[in-house]
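Chains as they are written, first to last, in full-length UniProt numbering: chain A, 1 to 329; chain B, 1 to 372; chain C, 1 to 503; chain D, 1 to 329.
It is worth saying that the hints were derived from the structure and are not from the lab.
From a predicted model like this one, the values you see are computed outputs, not experimental measurements.
Relax, there's no trap hidden among the hints.
With a straight-line Cα cutoff of 25 Å, these simulated DSS-like cross-link-like pairs (lysine-lysine) come out:
no. : chain 1 : residue 1 : chain 2 : residue 2
1   : D       : K129      : A       : K325
2   : C       : K125      : D       : K195
3   : C       : K49       : A       : K325
4   : C       : K341      : D       : K129
To be clear about the criterion: a stretch of chain B counts as covered by chain D if any three or more of its residues have a C-beta under 8 Å from a C-beta of chain D, and this derived list gives those stretches:
no. : segment
5   : 107-120
6   : 129-140
By construction, the Cβ of each residue, glycine as well, lies at the ideal position given by its N, Cα and C atoms.
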Amino acid sequence: MTGSPTASRPGTGGWSLAGINPVWPLLAALVAAIVFMNPGFAEPTGYMNFLKRAAPLAILAAGQVYVITSGGFDLSQGSLITLVVVGSSMLTDNDPAATAWVIPVMLAIGLGVGAVNGAIVCFLRVPSLIATLGTMITLNGLAFLWSGGAPRGYLPDTFRFFGRELIHDVPLVRFVPVSVIVLVVVVGALAWAMHRTNLGRMVHAIGDNPVAARLAGVPVNRVRVTAFMLSGLSAAIAGILLGGFAGVSTDVGTGYELEAITAAVLGGAQLLGGRGSVPAALGGALALTAIFTLLNFLGLPQPVRQVVQGLILIAAVALAMHRRKRTGT
Amino acid sequence: MKLILSAAGALSLSLAPAQAQNFNDPEEFAKQQEQLQAQPNGPEGEPWLQYIGDGMVETGDLGIEAPATVCFSNAGVNNPWRVVGFTNMTEELANHQSIGEFIHVDAEGSDDKQIADIDDLLAGGNCDVMIVSPNTTAALTPAVEQACESMPVIVFDRGVNTDCPVTYVHPVGGYGFGIEGAEFIAGELDEGDNVLMLRILPGVDVLETRYSAGRRILDEAGLNVVGAEFTDGDNARTKSIVEDYLMRGDIDAVWMDAGATAVAAIEAFEDSGYEIPVFVGEDQQDFLRKWEEEGMTAIAPTYPTYQWRTAVIAAARVIEGEALPGPEWVLPQPAITEETLAEYVNPAMPPLHYAMCGCETMETYPEAWGGN
Amino acid sequence: MTDRVIEMRGITKTFPGVRALSDVSFDVRAGEVQALVGENGAGKSTLIKILSGVYRADEGEVRLRGETVHFSHPVESLRAGIAVIYQEFSLLPERSVAQNLFLGREPRGRFGLIDTGRMRAETRKVLDLFAIGGRIDPDRIVGTLDVATQQMVEIAKAVSHEARVIVMDEPTAALNDAECEELFATVDRLRERGAAIIYITHRMREITRLADRVTVLKDGEVAARFDGAPDPDAIVHAMVGRDIDDFYAPPARADEIGEPVLIVTGGGNASLRDIDLTVRAGEIVGLSGIQGAGRVALAMALFGQEPFERGEITLNGARSTFRSPRAAIAAGIGLLPGDRKSEGLVLMQSVRDNGMLTPRAFSSLWSSHRRTAAADIGRIDDLLDRMEIRAASYDQEIRALSGGNQQKAIVARWLSMRPKVLIFIEPTRGIDVNAKAGIYHLMRDLAREGAGIVMISSDLPEVIGAADRILVMQEGRIVAEFGRGASEQDIMHAATADMENAA
Amino acid sequence: MSLAAASREPTGDGFRFDRWAPLILLGGAAAIYVAVAVATGQTQYLTLDNLIAILGRSIALGITAIGQTFVILAASIDLSVASLISATAVLASVVMDGSAAMIVPAIAAAIALGALVGLANGMIVSVLKVNPLIATLGMSLVIQGCLSAFVSNFAGSVPPAFQVFAYGQIGAVPLALVFLLSLAILAWAVLRFTKFGSDLYAVGGNEEAARFAGIKTGRVVLTAHVICSVCAAIAGLYLASRLRSGAPWIGADGVYDLESIAVVVIGGTVLAGGRGGIWGTMAGMLIFSLIDSVFNIAGVDTFAKQVLRGIIIVAAVAFYAIRSKRIVA
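Work out the full structure: start from the sequences and follow the hints.
The structure is reproduced here in structure tokens:
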């Protein structure tokens, strides 16, 4: 210890430009580009529609980031969405009153599937990549098995309220989609749990170093299972929004798990654990949706969209690795 | 991974001039246009037994003993259309004493797996007759040829590039589907009006032909096609696409190559506060219901699921040694119109039930199809 | 003309915040054993890592047979004939002995394929250099060998490189007496063949037995050089180099030692047998023994990580067997792991998060991360202050801190839980010498406050200096107990004596 | 050191469970197959013809899985194989376009494309240090996007001479089966007898130790990726031959990415790398084929099949993993 004695207690780290998560400037640039292309986007109809559309993915990414930060993956989110939508249609069967109990049941299913994922990883010691791949296939099968291959009921308007309705006559913005309110509430709650509670710090700890966490007394299994349950819960909520937004179909959730992982990674979440932020995952989801929107406005076809998504994914992680190497941490 | 799958090959028409198959064949277009108008042979009111054209094949000399084992290599039951169809098929089996055992193998949408399935059936299935619903035409041709060597084969839905099957059961076809919807729009709209075309996926033969026929007619009618977008059959995506188009300008009609996401498209108009324009859907109950409720101006061309019944009927005729339409058994392909809508709407049926199933008179209707 | 194979001159190396080596000169000749001695943290490992090209010296030069060399990668030094046997095994447990020996330089036969026959034969030849070698099958999977044999394979691997310079870093840490003798014989044989051997140890017995010359490092500087095997006392003096009473905290006075807080009777599991142990409030109990003797296993059993399957633990009068660390912590046991990086720290999290980890673990998942039942942020900050942790900010990632500061953050973590028993595993490993005294005094302070301290250390002088009582373990059992003032020889003898005497 | 030391404890020199586990699983699958055939009275499924049909069921999956084994042994992973299979199948089929003269150039082009993609994957993983999951997922999107930009259906055709690859017979045994077996033997020999094979296990088992032994770890990972991608290219050639043409969806339809990983893991190769081998992978492939056949014989409902498949994957991996004490995520 050669340095001069520090006079006082080390302070709190300040904000610096370099400390800003790159996802925010990226999002800002994308939004600017979209507004430039289509000034209508700056109108409430434009950006509210955008937020409404991004809401399921953002919620999903906020849940996924728990599992990623804890060191795993949740590939079952997409199938869980499908199960929730198909299951809701089976259970409500166009009875508006049923919504009141079907939604809690769906949230419970989300939590339950998360608990099963967590239990497979914690107690059967199957790596989450394989475990959730298994549940992904199984849940898809279950959704079909339950419905016999095609949805058997309609979703009543009461159920679809969350994903479809707008609240009119709101000052400043004229109207707010209900799903945007759901987005704010859910992402807010998940951000609070991640960044303001013991759970969140312990999710980081078990992803960073599970052995050290266990030796420090962290209930590793309980934390991990909780992370998976929150991911499952977020998928259930996303499912309720998607079902509400667009009605019943058998492949609603297809591909959402990868988009959620992409969004989380764009937000700087570190694969294999230890780093992750819910607000940044939200930023990642908005940025990803903005990229797709921009590509649509540019009239670029689907394949280009894929190529861009792939390149961005690689570039985001490569950049993060580069920054980490440069800062020597 | 299905993201990749569903996104597979999604570049639009400009780059898709098919190298292997021609999806814009004027001859086929004309033939199907004619078949739509043709008066079918066979019993009135039972379209699954009807046929267009006169060709028949004799099967008396095949010498299969009843009850026989029928094997069915299915491309998949991976969408509601195939689910309804497969239910039609299994329920139809009850009508045929001559069919003893029915072995069903499902390829889950994979060519490779379907080829392996047919191999398996040939190696150990003790099949007397084989029904094949090919996943793709070209890929399954060798497997079907191989099967033809050991037993009579019946193909339906998609065809194969060989005439070895006893018969190929199918409705009029994709051009016919496209023609009916587009002609309806052309009749309702004025020149220069805006039409949005919504498509599921590129590259799928039965869908490509629908589009090329529809596009041709819309163009000929002088309508302005504002866009042709792929929806991946995804409701949310469909709704988003339509919303985006509405932000840019008015739409007077929507043409779709399949009706699965029709209701989502309609809702986009409702939710954005627009009148519902002229619509082309399909015979799914949710669309028909919406149509009736909202009093829309619409048409529902069909690709009838009753062809799955016909395939079983054909197999039974082969076993019984009766003649049957062939080498192609072309089924009528009626569209549901304003006049016939009431016959088909049935609130007791599930939303994605295909109304043109020819199944209403069957014993287990509607429970077996998920109705109540 | 010189027969010096290796010559290091004026080596200086600084790590952030630590001067690891300053102006160290060191040489070794062919056909001799040069002992490199020093306490943990004296700079031995750093010196070796510079020699082998893992680190680069800030100043000074390394000469190999008179020529200046700059190794930038261990492979280059290996190719130049310098083989280092590290303490951490570099063996691949899933591969065979022969595959491990020839890793990265497999003999090739026809078509460039690996000549497995020749590889096996060469392995045989190398293993035959050891008496024990004859019993090792070259095709045996390394993971299935016991630890001592794995150590032998590790040495054989270095030997098989036909290195002119062989560095052995505490090679006997895991070996019993007989195995040690075998190793010594091997070293003799290597010396006869003209190899230059750098032998790192802090065991006097080995120095006396093997060394031709001795270099003592202290605080990153050469403290003494001896030709021939010197008097052990002289070495110890050079190593410690200060008043021991001052360096180590004073021992516990009789009145400071209180009631037993921890009693184990008949404890046993797969790696432990017949453990009877009492730890009193206010005392520091040292656990000694060779590597693999069961010291760490005992700690992990007490801590519930590898629980006892037999016997029982009484903690503060309450009987229990801890099935998990969590249960042990809840009952009042704390543990500072031996390998901070892999077992103690969550490196990407902040200093404060590392301190708060255990308090948080014992609070509701959903309550605020700033205030927990055991401690709030303010209290943790106070404890971190008390530990005199040097960090730019407690929000800084802990990975940027020095080893000593990291260790202190973990101590702060435990202090917040007010444990009744605190287990330190290798508490000063990798810690700056100056920080060491701090750790010793800290342990003593904790004991004075009424905790029972269990300390496991491979550094004998440290155990002798810091513990009030020393328990020696061998093959999973406690075989001897010494009070303050035991000698290294006594302990080493007890740790490696023939098991038959005990049985 | 302490926990690490615990993991170094000898595991006994007698019966090594994990060496035999794939065989046990395979035996179990075979027993179930026989039991189901006997129980349903369909003993006609127990002939040699059927055995060959079962062996030949999953040739493409087997070829892909052999390649996947290499990357997983190196502690990497490759999610781009499915898209690559589609790309090479299309490329080969377009280049041949029915002409026998073009067979050799087409094969060369396909292999070259495979090598190129493998090289890119390997570079991104070993030089840019991007997590292999993300790197190859991104690559997969890029390949699929590029491919879809040019073709949307079956493109080109394969001359009859090339169809021999998939349909030819040597006596009663399909040529492709013989080819797969030869490839497996070659892969086994590479892993067993070459320096590269030895290096591969070292890099996957303990990268640090490998680097200290002078192994160029980056190059080893790179080579593993090239091998994996070349295997995928061969699988693409096989599928082109089998389907008589290539289409941009055949890889994704076969789910070769996730299934090949599942096969490798069920065959006892651990995702963490350094342990496993080709014969385990072959056992895994056979297990998959047997499961498929059992489902077909027993006439399991399609959707129930999916549910079971997911559960089987998880259960098979748990069969190994549950014995480990490591914390997984």
